[in-house]
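Q: Model the full assembly from the supplied sequences, consistent with the hints where possible.
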Amino acid sequence: MFSLAEYFHNVTVVSPYPVKKPLHFYDEVSLESNLYDAEFYAAEIPSILNIEQIPFISSLRYFYESGEDTVNYVLTHPNMIELMKSGKKFDACIIENSHFEALMGLAEIFECVLITYTTYPSVHLIDRMTGNISPTSFVPNSLLEYTDTMNFKERFFNTLNTLMEKIFYEFYHLPNQKRLYEKFFPNAHHSFYDVYKNSSIIFINNNVVISSPRPYLPNMIDIGGIHVSQPKPLKKKLQKFLDTANDGVIIFSMGSLLQGSDWDDVQREAFIEAFRELKQKVLWKYENETLPNKPSNVKISKWLPQSDVLAHENVKLFITHAGLLGSTEALIHSVPMLAIPMFGDQHMNAANAVVRGYGLQLDYKNLTKDKISDAINEMLSNEKYQINAKLWSSRFKDRPITPKLSVIYWTKYAVKHKGAFHLRTTGNELSFIELYSLDVLISMFAIFFTIIFVCCKIFIKIFKPFSSRNQKVKQQ
Numbered sequence: 479m480f481s482l483a484e485y486f487h488n489v490t491v492v493s494p495y496p497v498k499k500p501l502h503f504y505d506e507v508s509l510e511s512n513l514y515d516a517e518f519y520a521a522e523i524p525s526i527l528n529i530e531q532i533p534f535i536s537s538l539r540y541f542y543e544s545g546e547d548t549v550n551y552v553l554t555h556p557n558m559i560e561l562m563k564s565g566k567k568f569d570a571c572i573i574e575n576s577h578f579e580a581l582m583g584l585a586e587i588f589e590c591v592l593i594t595y596t597t598y599p600s601v602h603l604i605d606r607m608t609g610n611i612s613p614t615s616f617v618p619n620s621l622l623e624y625t626d627t628m629n630f631k632e633r634f635f636n637t638l639n640t641l642m643e644k645i646f647y648e649f650y651h652l653p654n655q656k657r658l659y660e661k662f663f664p665n666a667h668h669s670f671y672d673v674y675k676n677s678s679i680i681f682i683n684n685n686v687v688i689s690s691p692r693p694y695l696p697n698m699i700d701i702g703g704i705h706v707s708q709p710k711p712l713k714k715k716l717q718k719f720l721d722t723a724n725d726g727v728i729i730f731s732m733g734s735l736l737q738g739s740d741w742d743d744v745q746r747e748a749f750i751e752a753f754r755e756l757k758q759k760v761l762w763k764y765e766n767e768t769l770p771n772k773p774s775n776v777k778i779s780k781w782l783p784q785s786d787v788l789a790h791e792n793v794k795l796f797i798t799h800a801g802l803l804g805s806t807e808a809l810i811h812s813v814p815m816l817a818i819p820m821f822g823d824q825h826m827n828a829a830n831a832v833v834r835g836y837g838l839q840l841d842y843k844n845l846t847k848d849k850i851s852d853a854i855n856e857m858l859s860n861e862k863y864q865i866n867a868k869l870w871s872s873r874f875k876d877r878p879i880t881p882k883l884s885v886i887y888w889t890k891y892a893v894k895h896k897g898a899f900h901l902r903t904t905g906n907e908l909s910f911i912e913l914y915s916l917d918v919l920i921s922m923f924a925i926f927f928t929i930i931f932v933c934c935k936i937f938i939k940i941f942k943p944f945s946s947r948n949q950k951v952k953q954q
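Residue numbers (the numbering used here): 479 to 954.
Careful, some of the hints might be misleading.
[Unchecked claim] Cross-link-like lysine-lysine pairs, in silico, DSBU-like; alpha carbons within 30 angstroms at most:
#1 718 x 757
#2 566 x 656
#3 772 x 499
#4 567 x 718
#5 894 x 566
#6 794 x 772
#7 890 x 499
#8 661 x 498
[As the list claims (entries may be wrong)] Label-pair ranges, simulated between beta-carbon atoms:
#9 565 x 878: 35 to 41 angstroms
#10 843 x 774: 25 to 31 angstroms
#11 544 x 666: 23 to 29 angstroms
#12 919 x 569: 40 to 46 angstroms
Read the hints as simulated data drawn from the structure, not as lab findings.
Please read all numbers here as calculations on a predicted model, not as lab measurements.
We put the beta carbon where it would ideally sit given N, CA and C, even for glycine.
A: This is the structure in C-alpha cells:
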C-alpha cells in the first residue's frame, strides 16, 4: 500500500493495524481492536496445537465462520460506517477475497474497479470466481502436504479433499457471505454473485518457485515476496550477537500463532538440550521473560525483525513452522529450512522445501532431542542444503519486475481499462457442469453406449436365425 501511495498519491487503507509512520497522501481508517490481538490468539492456541485431531470440515467451518465474524466487525465499525457514508469515490477498491467475499460490496458503494487478493497460494477457490481450472492431478490442495508430483493415493485424497472443500464453500460459505452482502448492501445495483465474479485483477501471494507450476488466467497475478523489503539496520545488541557468531547462527521461530512458551515441557527441553550441544549461536523467538535452563549460546527475544535477521550473512539455518511468509523470506535470503509444520499450508510449504533440497521436516508430535540434533547436524554439515537454497533463491528473484511494481502496474492497468474485462474468461459465467463439460461427456457416453446397444441388437437379430437353424439340425 505504501508503494501504491507513492505512485497514486491518494490511498485510503482500512486496517486494524495502524502504521507508525504513514506516508504523505496515505489516509488510514483504523479498525484497531482486541479482536485481532492476544485474546483472539490465546483462545485459538490449544486448537492449533491439536489441529490434526480436528476433522477437515470442522477446520473449514472455523475458517469460514471467522471470515463471517471479520465481515461483521469491519462493516459495523463506526470508522468504516463513516467512510461508507462519506460519499467518497475511488478509482479502485482492493479487497482480500479469502473468506471475506461480502466485503466486495464496497466496490458497489464507492463505484469503482474491484481488485482482489489472496494471502495464500491455493487457487482452487479462486477458480470459482474466475472460471479458472486447476486439475487436481498436479495442483495440490494447500491444506495437504502434497507437491505437484503425486501418486495414485495422493491424487485420490487431493481430489477428494478439494471436492469436499469446493462443495462446502459453494453450499455453506458463499450463501452465508451472500446473506451478509444483502444485509450490509441492501441498495447495491448488482447481486452478490455478480459482484463476486467481477474482480478485474486477482493478486495471489505466490511464486512458482515456492509452490509449483499451475494454470492461471491473464488476470491472475503472482506477487509472492511482496512483503519483503531491503534489510533494515538491526538494533546494536542484536547486530553484535549476529556479527560475533563465528560458527554461524540458527534462527528459531514458530510464528505468531504458536509461541515458544506454548511447547510442552518435554518438547521445550528437547530443543534446549539439542541447542546446548551446538557450537553455533541460536536466536530463539520466545515470548516469556526467561527460559529455564537456557544454554549460554541461546538468546531469546519476544519479537524478531525476521526478514532482516535472515538477511544476515552469519545465519546458517532457519527452524520454522513453514508459514508462507517465513518460508518466502528464508528462500529470498538463501537460508535452508528445518520445518516443523503445524497446520494449513505449512505442510505443503515444508514438502516443497524438502523436495527441492533446501529443507528437512520434523513431526512436532514426535520431537526428541536426538531427532532435532540429527536434523540440525545434517543440514549444517551437508552443503547441498545451502547450495540448493541459493539456487532456488536465484530462481525466485529472477523476474522482469518486482512484486511491488507488478501490483502498481496491474492496478493502473485495471483502472485505465475500466476493469480490464478483456482479461477475463466467460468460464466464470458457466455452471460447474458446463465448465467441466460434464453434460457433453455424459451425452458422448450416452451416444456411445446407445450405438453399442443398437449394434448388439442388430448382431443378435442377424445371427439368431442361424443359431436356431443349427440347433434344429443338431436335434435331427
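Q: So, for every hint listed, does it hold in this structure?
A: Here is what the structure says about each hint:
1. 718 x 757: 17 angstroms, holds
2. 566 x 656: Distance of about 25 angstroms is within 30 angstroms: holds.
3. 772 x 499: 37 angstroms, violated
4. 567 x 718: Cα-Cα ~50 angstroms, so violated.
5. 894 x 566: 19 angstroms, holds
6. 794 x 772: Between residue 794 and residue 772 the Cα gap is close to 21 angstroms, so the pair holds against 30 angstroms.
7. 890 x 499: OK: residue 890 and residue 499 at ~25 angstroms, within 30 angstroms.
8. 661 x 498: 34 angstroms, violated
9. 565 x 878: 35 to 41 angstroms: 40 angstroms, holds
10. 843 x 774: 25 to 31 angstroms: Since the Cβ atoms of residue 843 and residue 774 sit about 30 angstroms apart, the hinted range of 25 to 31 angstroms holds.
11. 544 x 666: 23 to 29 angstroms: For residue 544 and residue 666 the Cβ distance comes to about 24 angstroms; the hint holds.
12. 919 x 569: 40 to 46 angstroms: 43 angstroms, holds
In terms of the numbered hints stated before, the structure departs from hints 3, 4, 8, listed from lowest to highest.
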